[in-house]
Amino acid sequence: MLFTVNKSPYLRGNLEGCLRLAPAGTPLLLYEDGVYAAAAGTRVEGLLRQALASHPVYAVEADLKARGIARLIEGVRVIDYAGFVELVEQHPVVPWL
Amino acid sequence: MKIGVMVQEGPYQHQASDSAWEFVRAALARGHEIVGVFFYTDGVYNVNRFMNPPGERVIGKRWSELGAQGIPLVACVTDSTYRGITQEIAVPNAKISGLGNLAEFIQQADRFVTFGD
Amino acid sequence: MEHGEPRGEPSGAPPRKVLVLMRKAPYGSLYNWEGLQVLLIMGAYKMQGLVDIAVAFVEDGVFAITQGQDPSSLGMKAIAKTYPALPDFEVDRFYVDGQSLADRNLTLDDLVIKPEILDAAGMARLLAEQDAILPF
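Keeping their order, the protein sequence lines are chains B, H and S.
Here my numbering is used: position 87 in the first sequence is 87, and no number is missing along the way.
In my numbering, each number is its position in the second sequence, counted from 1, plus 97.
In my numbering, each number is its position in the third sequence, counted from 1, plus 214.
Relax, there's no trap hidden among the hints.
What follows is a set of in silico ranges between Cβ atoms, one per label pair, in the way DEER data are often shown: (1) S:ALA299 <-> H:GLN166: 39 to 47 Å; (2) H:GLN184 <-> S:THR321: 42 to 50 Å; (3) B:GLU61 <-> H:PRO151: 25 to 33 Å; (4) B:GLU74 <-> H:GLU185: 51 to 59 Å; (5) H:ALA165 <-> S:GLU330: 45 to 53 Å; (6) S:THR321 <-> H:GLY167: 48 to 56 Å; (7) B:TYR10 <-> H:ALA126: 29 to 37 Å; (8) H:GLN184 <-> S:ARG307: 34 to 42 Å; (9) B:SER54 <-> S:TYR241: 33 to 41 Å; (10) B:SER54 <-> H:GLN184: 47 to 55 Å; (11) H:ARG127 <-> B:ILE69: 19 to 27 Å; (12) B:LYS65 <-> S:THR321: 42 to 50 Å; (13) H:ARG146 <-> S:ASP333: 45 to 53 Å.
To be clear, the hints were calculated from the coordinates, so they are not data collected in a lab.
Glycine residues also receive a C-beta, built at the ideal position from the N, C-alpha and C atoms.
With the hints as extra help, turn the sequences into a complete structure.
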């Protein structure tokens, strides 16, 4: 399974919601406004660190760049759309939109 | 691998359509077959041929170009009817058709990815 | 049916496992209604042995199946009334996330159908079994 999250963690509970259900080891993909969760030093850094403790966490580069997010929490893996596709090759998608 | 895609939001207002388009292009570049793109709910607006944003990406045209490469593009007929989208105003290579197409895409696909709100 | 009948040929392959994942509340947006339409068409494909279909209610999706809904003042269709009829359309596997019910002070008695209650691990297993998950 690949959980995909496209909502800001400040406004919406999507990231928290999928973390409750995603078994350890299940990858999470942040894209669109979901990538705001990857920024370092924020109120939600603890939530993402908790995610990183048991899941690989990916963030789409174009979405980070568009939003000017440069300083990321250590451990977040930045990928392009080819990387997104590669994850989909490996895992069926659970869209947590 | 065979991949199916659903788009649940209209163009411009939400990033879903852009994300889906980027995903489809990247999947094709990696040698995958896109069995179809199904436009559902407000997603049916993606096939409006009269989109005309000054100096901007023309989302309908972009989809139509993917359709020209043989990727089936289907906008749900019921949702299109609700929103005044008809075959006459659809971009070339897009078909206004039934929800059964979604089922067909799912049945054919190894993976299915939804973009929406 | 306005959506057309299945055209696919039974391939002998096992049916694709499809889950409609309801996470949004009704009326504020149309997603539940659209998810219901998908359930109805998938029921027709299930009859042909082409798909296996289930529906799970998680987070605000549980509001789709609460009793006492009356959107007549909004001029909208009563969505919840359709769920009990779904088994007639070959859709009979209903699941609900127990935590989402508890969070909203709801129990099975508050619902128009009686879905199987799953804990987090059970829901994760259900999600993991699917070939395609359609979010609404």
